[in-house]
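Engineer: Just so you know, the sequences run in chain order A and B.
The first sequence begins at 1 in our numbering and counts up one residue at a time.
The second sequence begins at 252 in our numbering and counts up one residue at a time.
Derived from the structure by calculation, the hints contain no laboratory data.
From the three backbone atoms N, C-alpha and C, an ideal C-beta is built for every residue, glycine too.
Wrong hints could be hidden among the right ones.
[Unchecked claim] So the derived label-pair ranges between C-beta atoms look like this:
id : chain 1 : residue 1 : chain 2 : residue 2 : range
1  : B       : Phe948    : A       : Val189    : 35 to 41 Å
2  : A       : Asp88     : B       : Asp1026   : 54 to 60 Å
3  : B       : Val1015   : A       : Gln32     : 30 to 36 Å
[What the hints assert, rightly or not] Output of the computed footprint for chain A on chain B, the stretches with three or more beta carbons under 8 Å from beta carbons of chain A:
id : stretch
4  : 261–268
5  : 545–554
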Amino acid sequence: MTEQRDQAAGSGVTAPAGSPVFSARGVTKVYQTGSVEVHALRGVDLELYPGEFVVLLGPSGSGKSTLLNILGGLDVPTAGTVRYLDHDLTAGTEAALTKYRREHVGFVFQFYNLIPSLTASENVALVTDIARAPMPPDDALRLVGLGERLHHFPAQLSGGEQQRVAIARAVAKRPEVLLCDEPTGALDVSTGVIVLAAIERINRELGTTTVVITHNVSIADMADRVISLRDGQIVETKQNDHKVSPEQLQW
Amino acid sequence: MYALDRKLLRDLWQLRTQSIAIALVIACGVGMTIMMLSTQRSLDQTRQEFYDRYRFGEVFVELKRAPEPLAQRFAEIPGLRDVQTRIVVSAFLDLESLPRPAIGKIVGVPTLTEPVLNRIHLRSGRPLDPLGTREAILSEAFAGEHGLQPGDVIRVILNGRLQAMTIVGVALSPESIYEIQPGQIIPDPASYGVLWMSEQELAAAYDMDGAFNSASFTLLRGASIPEVIRQIDLLTDEYGGAGAYARRDQLSHKFLEHEMQQLRSMGTVVPVIFLSVAAFLLNIVLSRLIHTQREQIAVLKAFGYSGTQIGAHFLVLTLLISLLGALLGTAMGTVMGRGLTQLYTTMFHFPVFRFHLARDVVWYGWFVATGSGIIGAYSGLKNALSLPPAEAMRPEPPANYRRSLLEVIGLAPLMSPIARMIVRQLERTPRRTLMSIIGVSLATAVIVLGNFSMDSVDQLMHLMFSETQRYDVLVAFAEPENRDVEQELRALPGVLRCEMFRGVPVRLRHGHHTRLVGIQGVTPGNDLYRFIDAKQRVVELPPEGLLISAELARLLDVTPGGEVRVEVLEGSRKKFPVRVAARLDDFSGLSAFLEIEILGRLIGEPQTVSGAYLQVDRTEEAEVLSKLKEHPAVAGVNLKRSTVESFQETIAENLLTMRLVNLMFAAIIAMGVIYNTARIALSERTRELATLRVLGFTRGEISSILLGELAAITAAGLPLGCGLGYLFAMVTLQTVDRELFRIPLLVLPRTYLLAISGVVCSAVVAGLIVRRRLDHLDLIEVLKTRE
Ligand SMILES: Nc1ncnc2c1ncn2[C@@H]1O[C@H](COP(=O)(O)OP(=O)(O)OP(=O)(O)O)[C@@H](O)[C@H]1O
Ligand SMILES: [Mg+2]
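Full structure from sequences and hints, please.
Structural biologist: The following block contains the structure:
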């Protein structure tokens, strides 16, 4: 997988080679609130490749979360198709989407969304309980540097620690795809770096296709590819020749 | 253990007080079901065993006197299995402990063999000795009341002759499980008992050798009871047959059946109230839980937990609560069932009466409990499942408040900001507010329901014993007497007033409806036995024509102006039509009244009387009673005072126990509803209240917002509950056998007051608990966490 990325990075073309993990065609999402129609996405075409680290940029309300939710099978588009490998995410039933999420996707949310009544380790176990070949919850926590905090409840953890638990929870089942919606949104710089390092490490070591939404343009430097959204449309796609490690990001 | 299961247990622990409150409500419902239905089953089973073992008759007939060979002819009636003929008379029992005579039902039994039917169960002593003389066996209730034991002597006035008899045993009979004197509505063991003695001796005393005056029968399977009754009536007609009747009209059986019927219907209806309250509580608690956990649910979904798994997660939570309730309820039901059974043993006399916990009743209770849990959980679960995960992840939009209705109609200037907050909050969640109000009103209604019986029964007693029966002593003659006897009665010192009556056993016919009743000939201007209707009006005796109980008119399907056929079942046995003049909305039994002269003419026995109502000077009561006892014509004397006292002792006491249990249950409902409502209001508004505290509001001020909300809900629930309680009371009275009693519906202010204060107390306690929580509000904690 690393070869693929190197190959993609080295080729310098706009789209990396190989068969895509995701391919979205003409994805449109319209929210109907009362008499007002909100066009959150207006015909997005997109391909994501195995092991790729993609950053989604864009102003508030541009449709980033909507797109991510559709990729993750949390939501379905109003029009257009989304394929994950050989699954059609737009044709499936709720049960099929559930199965897809359970088997292939890991989520990290801006507000961590840990279960407050469960300890760090139990929050991770929540996911490994229903996964096919997960890593032990405690290993996942060690991966994000929380080997010492296994039995703390969320209320006993700092924001950054909570977010790392959330990452451990997302990756413990060794997902093919890791989707992170503003994972550092609620964190200070140094904590943000630790969290991003954890995500980067998982992308690198497990070869997980990773999509990270952020408002922070500098984070884009650590991506293979940067996609910018505006008003529900992709306005720019940029291939990074040089990936920067999180520690070296300029905030 | 799976992580999700851990969450379940921790959530449950978090909700422990609320869960226990709900479980207790469920426990009450399940407990009531198990108590009533199991006791009913136990009664039914015990009764059946008693009937079978002691061969209780299925059809009965009383007659004047028939020769023994008639038994042979009975046996030829198709469908009859066993025939038991015997002699039964009514006699005075003269007791030193009792200044007045008691009435004994004297039953002749064979001494060499066991009777074919209606055998007795010896509790102590021995059976009658075939060679012995003047031996008697007494019924247990009567013996117990008077402290009589085997070896004691009792004096019996048999056919006018005083005989001292030795008590050799104390016994029970399937005929008198409920030992009540005919014509009475309450057992009075001090004044009425059953005595069994040798049939030869009894026959000799009453010149009944080779004859009988009572018979019992059992039928072959599949035999038609009405047809058998018809045949028996045909055979007994010439011997003064008073009309055969089936077991369901047998006095003791009828009362027992009535009690069981009430247990059955109450056992089915009452739990519904509790379990619907429980369902409502589960509903609000679970809805709130799911609401606060909407993001957690979304996360679970995002990670691939299916809707079914998440639904099951919350369902298990409610089922655990239901199960806890069902377990507690089963224990409660067993304990209370034992208590109720104990209570019944003082009313109904069985050889053994043990409480059996009926397994299917327990299953039923559990089934209903979990059912109510699932119903309660349903809408919350549906919400949880339908929540789109992407949606739930977004922060909740601010709650949508509006100006409240009270403000819109212009009351705003009258309201303080806090009052406005309360009203807006209540109006914002109208469904929950409404449900909480209904919950409070159900609690109120349960107290009304549990206590109105005192009011209504008191009212019945008042109407019966003070308004209708204004006499002190009822005298019954052995045989119809000439009217002249009135002079003798009046002449007794201490007798203030005397009114004669004539009672005639008859069969009333109208169309294809028939009924065995007594027609009472009444002296015009009757004042010692008045006719009082349900509206408490005095009804005048019509100058001619029958005045009949409205219930009897209904059963015969006859209206005033219509004609019924009367078949007299004694003496001349005349048959004649008579017009129904009016109906009387009375309170117990089935009665028919006619002017005494007209009745005398119609039956061909003018100027005869069969008894008298006396008003007696209390100071000379004993004197009058002893004179009456000695009077040769008198066969029965009933002192009304004794009946009323017996009622006070037994029934009133039992009612009190029931009321206490009931009050406790209602408190549980009220606490459950108010506490849960308060807790949910608290959890919804902790942030808001904490913010107010930070802004400088005092503890008192912020708790007044929450407590004000509770007070408003309670205040709204109370009047509704009083109305609902009245309605429940009305429905409950429908379960009373109307042939036995028409209990007037009366709920006194004291009962409403009790209900209101009970609920208010529960509300205050619930409010204090919530208030304590508010006082310990950790402001930083609350404001830091994101809900
Ligand atoms: N459930 C919904 N109902 C109505 N409108 C919605 C809904 N979800 C999103 N929208 C609208 O769709 C548009 C895109 O929303 P989205 O959450 O994808 O934006 P975003 O790019 O993630 O913004 P942000 O950076 O602020 O998170 C917005 O205008 C939003 O108001
Ligand atoms: Mg977003």
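Engineer: Against this structure, judge whether each hint is valid.
Structural biologist: Hints and how they fare:
{"no.": "1", "hint": "B:Phe948 <-> A:Val189: 35 to 41 Å", "verdict": "holds (38 Å)"}
{"no.": "2", "hint": "A:Asp88 <-> B:Asp1026: 54 to 60 Å", "verdict": "holds (58 Å)"}
{"no.": "3", "hint": "B:Val1015 <-> A:Gln32: 30 to 36 Å", "verdict": "violated (49 Å)"}
{"no.": "4", "hint": "261–268", "verdict": "holds (count 3)"}
{"no.": "5", "hint": "545–554", "verdict": "holds (count 8)"}
The structure shown violates just one earlier hint, number 3.
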